[in-house]
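Trainee: Please build the complex by placing chain H on the supplied structure of chain A, with the hints as guidance.
Given next are the chains, with one letter for each unit.
There are 2 protein chains.
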Amino acid sequence: MASNYKQPEHKLTMIPGPIEFSDAVLGAMATPSQAHTSPEFVKTFQNVLQNLRKVFKSTDPEAQPYVVAGSGTLGWDVAGANLLNKNDKVLVLLTGFFSDSFAEALQVYEAQVDVVTAPVGDVVPLDQIELHLKKEKYTAITITHVDTSTAVVSDVGKIAALVKKVSPETLIIVDGVCSIGVENIEFDKWGIDFALTASQKALGAPAGLSVFYASSRAVQKALNKEKPAAFFASMKKWTPIMKAYEGGGAAYFATPAIQNVTALKVSIDEILGQGLDARYATHDEASTKFKNEIEALGMKLVPNKEVAAHGLTAAYFPEGVNGPDFLGKLATKGFTVAGGIHKALVGKYFRVGHMGYSVYEGHVDRLLAAIKETLSELK
Amino acid sequence: MASNYKQPEHKLTMIPGPIEFSDAVLGAMATPSQAHTSPEFVKTFQNVLQNLRKVFKSTDPEAQPYVVAGSGTLGWDVAGANLLNKNDKVLVLLTGFFSDSFAEALQVYEAQVDVVTAPVGDVVPLDQIELHLKKEKYTAITITHVDTSTAVVSDVGKIAALVKKVSPETLIIVDGVCSIGVENIEFDKWGIDFALTASQKALGAPAGLSVFYASSRAVQKALNKEKPAAFFASMKKWTPIMKAYEGGGAAYFATPAIQNVTALKVSIDEILGQGLDARYATHDEASTKFKNEIEALGMKLVPNKEVAAHGLTAAYFPEGVNGPDFLGKLATKGFTVAGGIHKALVGKYFRVGHMGYSVYEGHVDRLLAAIKETLSELK
Chain A
1 MASNYKQPEH KLTMIPGPIE FSDAVLGAMA TPSQAHTSPE FVKTFQNVLQ NLRKVFKSTD
61 PEAQPYVVAG SGTLGWDVAG ANLLNKNDKV LVLLTGFFSD SFAEALQVYE AQVDVVTAPV
121 GDVVPLDQIE LHLKKEKYTA ITITHVDTST AVVSDVGKIA ALVKKVSPET LIIVDGVCSI
181 GVENIEFDKW GIDFALTASQ KALGAPAGLS VFYASSRAVQ KALNKEKPAA FFASMKKWTP
241 IMKAYEGGGA AYFATPAIQN VTALKVSIDE ILGQGLDARY ATHDEASTKF KNEIEALGMK
301 LVPNKEVAAH GLTAAYFPEG VNGPDFLGKL ATKGFTVAGG IHKALVGKYF RVGHMGYSVY
361 EGHVDRLLAA IKETLSELK
Chain H
1 MASNYKQPEH KLTMIPGPIE FSDAVLGAMA TPSQAHTSPE FVKTFQNVLQ NLRKVFKSTD
61 PEAQPYVVAG SGTLGWDVAG ANLLNKNDKV LVLLTGFFSD SFAEALQVYE AQVDVVTAPV
121 GDVVPLDQIE LHLKKEKYTA ITITHVDTST AVVSDVGKIA ALVKKVSPET LIIVDGVCSI
181 GVENIEFDKW GIDFALTASQ KALGAPAGLS VFYASSRAVQ KALNKEKPAA FFASMKKWTP
241 IMKAYEGGGA AYFATPAIQN VTALKVSIDE ILGQGLDARY ATHDEASTKF KNEIEALGMK
301 LVPNKEVAAH GLTAAYFPEG VNGPDFLGKL ATKGFTVAGG IHKALVGKYF RVGHMGYSVY
361 EGHVDRLLAA IKETLSELK
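Residue numbers (full-length UniProt numbering), protein chains in the order written: chain A, 1 to 379; chain H, 1 to 379.
Hints are computed from structural coordinates only; laboratory data are not their basis.
Source: prediction; values computed, not measured.
Any given hint might turn out to be false.
One copy or two, either will do: identical chains are not told apart, so a pair holds if it fits within one copy or between any two.
To be verified - Pairs of lysine to aspartate or glutamate residues, derived as DMTMM-like cross-links and limited to a Cα-Cα distance of at most 25 Å, are as follows:
no. : residue 1 : residue 2
1   : K86       : E110
2   : K158      : D127
3   : K158      : E186
4   : K11       : D365
This is chain A alone, in the form it adopts within the complex:
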């Protein structure tokens, strides 16, 4: 609609989401009003849902993509309210702040949560997971694919294979925020049951959408649940709506965020335009280069390098450099970078998002130059 839109120069947002958006994505946010049941919007939403199947590398027609106005956090409610019953046992792999909050959300839905905690900056070892799965019958296991607080990436493929072997009934739930769109995820092949993310992360569209994907058995479990524990977050309500839109029709439960969905369409088109595997390779390369340069500048990475995520970097402030001064100087040079939020390390480190548009537009190199300048000014 506003395809010739050109965004003005501005401070670059290089945090682990919201990330920077392309001109075409932002232009789509200014799409004039459309009814949620109009043929124009139905076509857009249909395209988004069909293409999300590709983003999740899923071909099972009984699996189901969902896009609902909200945020990534809403996806936790969806999992808790639809896939679990009171007193169900859930094994939570804790790799940082966000796994912790996920556990809290599931407890609101009266799940009994067992937590296995990874060392800070590392992932939970497979043998520990196996031990737990053998000791107890879990209704679900939750894996935070990329924990945005520590910038570690868990090996979902290996963990899923272990679950399938030891406890195949256990639902595999993946928090894919900062992963889906940047880290490889094979929904069907790995046997994932539920994965969630948000629009403003590696999917490259403005904040405002909760995006989630359910396997055939997760959908069935949700549809068969006698009484979902939420109304807005009810998969029973949303499943027929998503099926209708994907089939080229309209249906109503709650008004979708038309402009945000339209922007997400443009962003997913850009992602699939390059191809998923090529996109992962681009991010891998950009991430490796950035991490190497950060280390060359004398900064220590927070995560064990072997399990470092590819869409963001967490690093300690250099010795003798005051954190707020460092972040403040970067802001005056035109970059927003995030502080740390892991409870054990808060104030000691910073986080840089290098996902999507910023990787393709050279923002990462510009940020590196600004970091170098900042360090020389502060030392």
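Mentor: Same frame as chain A, now just chain H:
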């Protein structure tokens, strides 16, 4: 940011929301990325929250505005999960499709709902409400200010006064979708405890935001509730976040929809620029004119005229005119108008939204001309 944005000619969306948006509002949707904790966004969100107090005509510093990524429906979950406990009795005034769904949402949170049903196209008589309030102790009463399915407006002021007299402990909960921004609502003066709406209705910004407002006693009740029945919809989680932003700081629970909040700021500025009472008068006038013309064309209004809403009109298709043909012809002439959704009347009537931008830009007159043409072509 994109203040010179000019939207292209397009089919006009004249349904009871999403409504048409001004160029400035749509331009704000294309605001380049900002971090949710950036000083730029904090200032925007602070402004929105401060100005929402004016929109709700509320000056009580202990009352609290909230803006959360979601839709109007999410506001029902917020009411159910935070203000009610299991088996609490709630009196629902049923004026159509939306009151019905509100009741269903509250039942998910295990409220015991008593329903008083209005005749189709009318409101619930005060004496019936009084009878119920005297017979039973209700924790809350819900009023759908404007039922979008029948286009009737309930007299919230009078109902609230009755509740205060007969059962002052009963919380007064108002569904203000299609009302807040177009119908007068005096949150403090009438003693409302909770009112909710969505961005794409009379507030004039794109869909994607749940907007709600809680009285001091509603906030206290939510904060004192031992275990909110939802995570994303938890007022315990959101209250400190909203207080932080309104106070000019940032806090994190879930990422706000930055661009949508920025657009809402522009829209609220436009609303307050004219002044609320002047805005109500403009809509009253436009609504009266439109309804008179519709009647002059031989169409019968669905609501009793004395209780007809001012932001939309529901009217029966004229005798001998096929509904889908009528709506289809209007679409080819460049207007999206909504079909009916009230169970008893579906297929027999249509609904036109005349709120905000369309009222000020002459869209209502253009639609009237198209309706006249359509009728002459179909008869």
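Trainee: Each hint should be assessed against the structure and marked as holding or not.
Mentor: Cross-check of the supplied hints:
1. Taking the shortest alpha-carbon separations for K86 and E110, both the intra-copy value of 5 Å and the inter-copy value of 15 Å come in at or below 25 Å.
2. Taking the shortest alpha-carbon separations for K158 and D127, only the intra-copy value of 11 Å comes in at or below 25 Å, while the best inter-copy value is 66 Å.
3. In this assembly of identical chains, K158 and E186 lie within 25 Å of each other by CA distance solely inside one copy; the values are 12 Å within and 58 Å between copies.
4. For a Cα distance limit of 25 Å, the shortest separation of K11 from D365 inside one copy, 15 Å, qualifies, whereas the shortest one across copies, 43 Å, does not.
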